[in-house]
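Protein sequence lines correspond, in order, to chains A and B.
To convert, note that position 25 of the first sequence is 25 in this note's numbering; the numbers rise steadily by one, no gaps.
To convert, note that position 178 of the second sequence is 178 in this note's numbering; the numbers rise steadily by one, no gaps.
Since no wrong hints were added, every one of them can be taken at face value.
Here chain B is said to cover these stretches of chain A; the calculated rule only asks that three of the stretch's residues, wherever they fall, bring their Cβ under 8 Å from a Cβ of chain B: (1) 30-43; (2) 152-160; (3) 177-189.
Keep in mind the hints are simulated off the structure, nothing from the lab.
Cβ coordinates follow ideal geometry from the N, Cα and C atoms, glycine included.
Each chain, letter by letter, is given below.
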Amino acid sequence: MRNEPASVDPGWDALARTAAGDVGAFSIIVEAHQERLIRLCERMLGDADEARDAAQDVFLKAYRKAGDVQPQGQVYTWLYRIAVNHCLNKLRRRKLVRFLRFETGSTVADAAESPIFDPPDSRADPSEALEARQRWLATRKTIAKLPDNQKAVLILARFEGLSYRQIAEVLGITEGAVESRLVRAMRRIEAIEPRKGAQEKGGSRVSGTEGKR
Amino acid sequence: MNTTELELMRLLHGELTGEPARRLRERLERDPALAETYDRLRRSWESLALPPAAPVPPGFSQRTMARIRVERASRGVSWSLSWNNAPVWVRATAAAALVAGTVLGIGVGGRIPVAQIAVTATPDVVQETSAISPSQETPPQVAESSQAPQTPQETAPQVTPAQESSGADPGNDSDGMVDDIDLVDDTLAASYWDALEAESTESDGALP
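Same shape as in the complex, but just chain A:
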């Protein structure tokens, strides 16, 4: 996945055919990348329904840009770039809407990243399921507190498993910038976690209630 020539990815050919007027060729792109794009959007937005809409928007944007894109690297990194920018814009809009509704800062931080957070869980043990759910919720809240540039890097590195080079390609920044953003994000998370631990000790009833939702 690292710096392969453009000809390796057949997606570029499909995009070239799309740009030439063959709309059907774009279905190859959709079929090949729908799963990872929906997953990325869901991780960025924290809402499955919104993520599906966002993924569709991303494909539509990709279709519009099919004629302008320069074949470089992998198609999915190009799609990821569109998706990350799209999701960050959606998050900013969401925050702005909540701000305009005079919601408090903590509400914004909590709700912005976890609007409807009730993912299905197939674990047999209820206590394990509850613990996992609490971790997911805590992670979502932690990510919500990060600045946008650190948030994108963290999600791509931790949850999408991209290398520094790939993240740099997706975000259009240097590897050094990726590295420093990731370290800053981890510092911030470490700073948040002790406080969060203290809060959970003081108010375990609240977190338990949230976990049962």
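For chain A, the structure is supplied; the task is to place chain B on it using the hints.
This is chain B only, laid out in the frame that chain A set:
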């Protein structure tokens, strides 16, 4: 942000491989403080967890492609009506027609006298005033240069800008000629009155 911190993050993320990774691991074994830092970082990293992504909903790609086809159709309509899509001769002809229409409109609009427009409905009045009206619209310089020399009776009185601005009555100037505008208006009113009378007489034999 120090180099060690960056290296620890690289090691954790799997970016640091080979000899550099081996050296850092040796340092971690020797340095408990560094090992503690790495352990804390690792715990924070591993504590981050999100639920597995929901499966792709059935028909997602079909819906996406349908949306794209709608987009293409709408873009195709707007594209086909675009000037950018028109051949050069179409654009040139349209531009020429626009320029010609504009020039013609300005020319015709500038040449038609106001009085002539007003009396179009009464041809007899047009005949009476035709000798007067062109000179009203023609500037003095143009009249002198483009027209043949005229007799003093044919030449209409000229209204100078100074007269207009001072409010002087052109009908009472020194040459003693009758005001053209008054003459036209009087003639027009009289002809209308005559026409009305004649019509009434024909219809019921009595004056209104």
